[in-house]
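Asker: Add chains B, C and D to chain A, keeping to what the hints say.
Protein chains: 4
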Amino acid sequence: MEGRVVKGQIGVIGGAVCSPEIYEIAREVGGEIAKNGFSVVCGGLGGVMEAACRGAKEVGGITIGILPTSTKGDANPYVDLVIPTGLGHARNVLVVHASDALVAVDGEAGTLSEIAIALKVGKPIVGIHTWELEGRVPLAEGGRASVAMLMDILR
Amino acid sequence: MEGRVVKGQIGVIGGAVCSPEIYEIAREVGGEIAKNGFSVVCGGLGGVMEAACRGAKEVGGITIGILPTSTKGDANPYVDLVIPTGLGHARNVLVVHASDALVAVDGEAGTLSEIAIALKVGKPIVGIHTWELEGRVPLAEGGRASVAMLMDILR
Amino acid sequence: MEGRVVKGQIGVIGGAVCSPEIYEIAREVGGEIAKNGFSVVCGGLGGVMEAACRGAKEVGGITIGILPTSTKGDANPYVDLVIPTGLGHARNVLVVHASDALVAVDGEAGTLSEIAIALKVGKPIVGIHTWELEGRVPLAEGGRASVAMLMDILR
Amino acid sequence: MEGRVVKGQIGVIGGAVCSPEIYEIAREVGGEIAKNGFSVVCGGLGGVMEAACRGAKEVGGITIGILPTSTKGDANPYVDLVIPTGLGHARNVLVVHASDALVAVDGEAGTLSEIAIALKVGKPIVGIHTWELEGRVPLAEGGRASVAMLMDILR
Chain A
5 MEGRVVKGQI GVIGGAVCSP EIYEIAREVG GEIAKNGFSV VCGGLGGVME
55 AACRGAKEVG GITIGILPTS TKGDANPYVD LVIPTGLGHA RNVLVVHASD
105 ALVAVDGEAG TLSEIAIALK VGKPIVGIHT WELEGRVPLA EGGRASVAML
155 MDILR
Chain B
5 MEGRVVKGQI GVIGGAVCSP EIYEIAREVG GEIAKNGFSV VCGGLGGVME
55 AACRGAKEVG GITIGILPTS TKGDANPYVD LVIPTGLGHA RNVLVVHASD
105 ALVAVDGEAG TLSEIAIALK VGKPIVGIHT WELEGRVPLA EGGRASVAML
155 MDILR
Chain C
5 MEGRVVKGQI GVIGGAVCSP EIYEIAREVG GEIAKNGFSV VCGGLGGVME
55 AACRGAKEVG GITIGILPTS TKGDANPYVD LVIPTGLGHA RNVLVVHASD
105 ALVAVDGEAG TLSEIAIALK VGKPIVGIHT WELEGRVPLA EGGRASVAML
155 MDILR
Chain D
5 MEGRVVKGQI GVIGGAVCSP EIYEIAREVG GEIAKNGFSV VCGGLGGVME
55 AACRGAKEVG GITIGILPTS TKGDANPYVD LVIPTGLGHA RNVLVVHASD
105 ALVAVDGEAG TLSEIAIALK VGKPIVGIHT WELEGRVPLA EGGRASVAML
155 MDILR
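Protein chains in written order, with my numbering: chain A, 5 to 159; chain B, 5 to 159; chain C, 5 to 159; chain D, 5 to 159.
Just chain A, with the same shape it has in the complex:
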């Protein structure tokens, strides 16, 4: 019998559409999560979500996509394990519950709803170019630094 295939699950949240600069940051976040032995959890769509999954797969990680729709095919091609919820925006809450800690990269109102739920339930969260909320979300300079901050908190 084998042990669990990952040490834990880190969520990456952000917009389904993003700039090339933000895409590269999210890709680095995903890669760093995988190198630390954690799976990437995300909303399964494009933009920041795709970038994080891609970064993780490039270094042999495992990725989970929790979709708003009930259609598996809506997942980006870098999602290993697909959870098509059919719950619409309520799936945002599930992304938070499924994460031991989260990195928020950029993002608008949808991302804000996930940050808010993370604060509500007390999940550690670090942001990059995102909502600061009067200091409630500590910001990191880049992908590597953000994951390092979370690893320190989880240790």
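FYI, nobody ran anything at the bench for these hints, they're computed from the structure. Careful: at least some of the hints might be erroneous.
Identical copies look the same in the list; a pair holds intra-copy or inter-copy alike.
Cross-link-like lysine to aspartate or glutamate pairs, in silico, EDC-like; alpha carbons within 20 Å at most [claimed, not checked]:
1. 11 / 78
2. 39 / 104
3. 76 / 138
4. 124 / 62
5. 11 / 62
6. 39 / 78
7. 11 / 156
8. 76 / 112
9. 127 / 78
10. 39 / 62
11. 39 / 138
12. 39 / 156
13. 127 / 104
14. 39 / 145
15. 76 / 145
16. 124 / 136
17. 124 / 112
18. 127 / 156
19. 76 / 104
20. 11 / 138
Answerer: Just chains B, C and D now, kept in the frame of chain A:
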């Protein structure tokens, strides 16, 4: 055959615990909503939610409480129609979907998650002593003014 | 201050499409629920759901429609209070939670999922021309008898 | 870059408490799913769910547990990737959506709700010692046969 018993549904969001001052503001919000012929939609618990329902019932309005638990008895005594969801924090999304427009009164992270969903889906929202989010949430001075602002938008 | 506008909430479950005979039975169920001072809870769409709401409105009752979509306009015209969930099939569970007891009229797999949840959580349920499940669902002859059976149980 | 870590996802549904005989059948189901290159999806708790995960892990498979609670620690020890939903019984719908096809092993009302949703959305399902529903659920003799039947359908 009768027509619909209300013109529409206005959500009131805010903390389950609040100061007496905030309670009175939320009570006024509920009363104004009812006087305008709308039902009050809320999360069904105490604090701002109870105050809004109480204010509506005092002037003969109808109130709906969308609970996080699956237990009807968790609703405050001023809720007429109880929707016990058993969905936990995901019920926040339902409060927004069930509202034609919303008033946010005070509130912390849970309320922020509802404001964020309202912005995401484009529901009109007015705030009182709450998150401004860099001007995305217009603020009103008090209960009466907040409901008047929403009635103008919905007209 | 007024009391609650209804004594309780009775769910009516069944298909979104049905024969004229089934429609008339569901209409009678809705009317009987309203005459007993309870609101009708349903999935808010057509067929059995529409018929139950229509029957209740014809005698001055109050109706609640818990929709699978997030679009208020999807409710049938006899729904007073609309809960557009955006949850897809997961809204079936909410229909059960929102009901003190249920009447199942006809119905296929979707209705079966609601009957199963009602049995799981221990909500009283009576059926008309529907799944018997080896005696787990007591059957009634018609709308009036089904509601009378539930009123006896709830008393 | 690697490909997806699994060919697809097969759900195993059944009670959280079961007899030793049923446990062994579910364990065989899980093992057969893993040998075919699919991950096991389940509700993450004990009984049939635990047995299926255990069987999969014994042959190096990957397992996903979609919990009703929001607490990761409620998952059985053979779950690799945990989705703590906080949705209560509504998580049953997610187990079905996350599965390309399902095996129902024994089970009572909760399992029946999942079978019903599978029939509703048209997911292939095979049963072992479970609800036949007038022939709607084809029955298999044991774990190996049930998975073989699904593999034939999915091919």
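Asker: May I ask which of the numbered hints given earlier this structure violates, with the numbers listed in increasing order?
Answerer: 3, 4, 6, 8, 11, 15 and 20
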